[in-house]
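Novice: Sequence:
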Amino acid sequence: MTTPFPDRDFPIVIGIDFGTTYSGSSYAFMTDKEVTDISKWPGQPDYSYPKCPTICLYNRDNNQLIQWGRSAKAGKSKFPNITILQQFKLYLDDNLEGVVRQLPLDLTVTDIISDYLEKFFGYIKTDMTKKGFHSNFEKQVRFCLTVTMWSDKSKQIMREAAIQAGLINATDHRDRLMLISEPEAAALYCERTCDKFNMLNGEEFMICDAGGGTVDLIVFRVEMDASGNRKFRESTKGVGKSCGSTFIDRNFRKHLRKKLKKVIRRSPNGSIEIPDAPLDHMMDIFVDNLKPLFDGTDDLYSDISMGFDLVTKTEPSIGLDEGSMTFTKEELKKHVFDPVVNEVVQLCRNLQKETGNLKAIFMVGGFGSSSYLYSQMEKEFSAERIRIVQPDRPEMAVSRGAVYFGMHPTKIATRIPRFWYGIEITNIFDPLVDPQEYKITRPDGSVRCDNRFSTYVERGKPLDIDSCISRNYITYYPSHTACTFFASESDMEPRYTISNNITSIRKVFDFEIPMPPLPNVKQGDPVPLTIKMYFGEVELRVEAVIDDQTYAVVCNFNA
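Counting the sequence shown from 1 gives a position; the numbering used here is that position plus 633.
No lab work stands behind these hints: they were computed from the structure.
A virtual CB, placed ideally from N, CA and C, is assigned to each residue, including glycine.
Any given hint might turn out to be false.
As the list claims (entries may be wrong) - Within a straight-line C-alpha distance of at most 27 Å, the following computed DSS-like cross-link-like pairs (lysine-lysine) qualify:
no.: 1; residue 1: Lys666; residue 2: Lys946
no.: 2; residue 1: Lys874; residue 2: Lys992
no.: 3; residue 1: Lys709; residue 2: Lys673
no.: 4; residue 1: Lys962; residue 2: Lys887
no.: 5; residue 1: Lys706; residue 2: Lys887
no.: 6; residue 1: Lys874; residue 2: Lys894
no.: 7; residue 1: Lys967; residue 2: Lys946
no.: 8; residue 1: Lys894; residue 2: Lys992
no.: 9; residue 1: Lys1165; residue 2: Lys1140
no.: 10; residue 1: Lys962; residue 2: Lys895
no.: 11; residue 1: Lys992; residue 2: Lys1094
no.: 12; residue 1: Lys891; residue 2: Lys966
no.: 13; residue 1: Lys891; residue 2: Lys992
no.: 14; residue 1: Lys666; residue 2: Lys786
What the hints assert, rightly or not - Distance ranges between label pairs, derived from CB positions:
no.: 15; residue 1: Thr1043; residue 2: Met1125; range: 32 to 38 Å
no.: 16; residue 1: Pro1150; residue 2: Pro713; range: 53 to 59 Å
no.: 17; residue 1: Gly989; residue 2: Arg693; range: 53 to 59 Å
Can you make the complete structure from the sequences, with help from the hints?
Specialist: Below, the structure written as structure tokens:
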């Protein structure tokens, strides 16, 4: 049965920003105003990037995790028969199905995320204990885990992975692990830390959370209450897309291979083989040193790695001079940066068109700190007096914002659904509209249309976070109640639960409501049943009320 969350038992909030390329974490006591970052991770030098690489190294023989984080990156050449997995967060994006290659090994994405989170949180516990936290302090922790603006199933996978990793127990109160979208967390960070956050009542601001794999956008309208406190109401449907800086890396790798092919010695059979190890080394130099420096005004330079069998160390046509290669700003823009940066700028422009009073765009995330991305955003929006702001430490905006959300869960007052949500029903058959194959005739002679979509939530219509859609039904003892929920991101309201040329429909989840023992009820007796659905939260939540008792309903997203 559902009960209120016991806040007093969990005075510590830990925020976890699980990212495509890097992951970070911050924490605070509920009574504190200061948030502390985990800024040093295993194998990282001092004063390095304050986040941990999202990488796992597995033994192919037994599918066991050998190394994680930076150690996995360094251990590629140390262990035999291994598989290195990175950017596995992208497997949560349904839109990339068939684009990213199939997972190797006999592992699910839940297994891999769970393995990583287990090691990740294990290190957090060690670090916090060194800083004075008592042993077993984790029993008093409330977690806030950030998620991208992807499907409901991907959010459920993150929750299952957190349970499998041992962050929480399956029997814990659901609200011990809260999920918040990454741009929402970043919005809370910007308000708390940015001097330029001077948004007035009724004004809108956009968060552009640009990370390694994804770029998530969200627009909030500021609303001031009678006490002068701000609340954020989502003012238009946010968007997310896999177009982060990882795709810049892929462009550079492709461009580098093309240049190297002109100077790599051919094998005896005439083919050109570019070895992975020195290529990976040059990629590391680009990712760690060259990419962060690029602002579109200067060329970049890199020495050619040892391990390439070159015909010559000087080839002017590709910028190679005595083993050092020049990458001109023009070629970097054209072949490496612009295809991705232009996509991000256009994503912001498309969402801006749906706003009415946008005053600022806040750039956060690792990619959000890019000087070149900033310059292109300025170029696009400055004429309209929309400020482009890069807050301090944008790479920690999401994990810190997650902590702020754990401390103030009602700060986000309104969210906008990305989908139509509904269930399948029968309805009156319309011979002018409905397909004949959907026509059914009941025993009483009434003609009905099967597979009709009954809307619970309208796409794009604002929902308060505490909004509840409640429907009353009659069931019969002791039968269980089963239902399937459907979703659609089509512009028009769906008429059917089956996809057609106009609308695309997908199953979201099945759920079953078990009938509890009712001592004074006989078999076949009618039992009032109320189904409550909460759509204004980050996760869909379903409750059932039977005999004045409220029960949490388990949703099966794998159906």
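Novice: So which of the earlier hints does this model not fit?
Specialist: 1, 6, 8, 13 and 14
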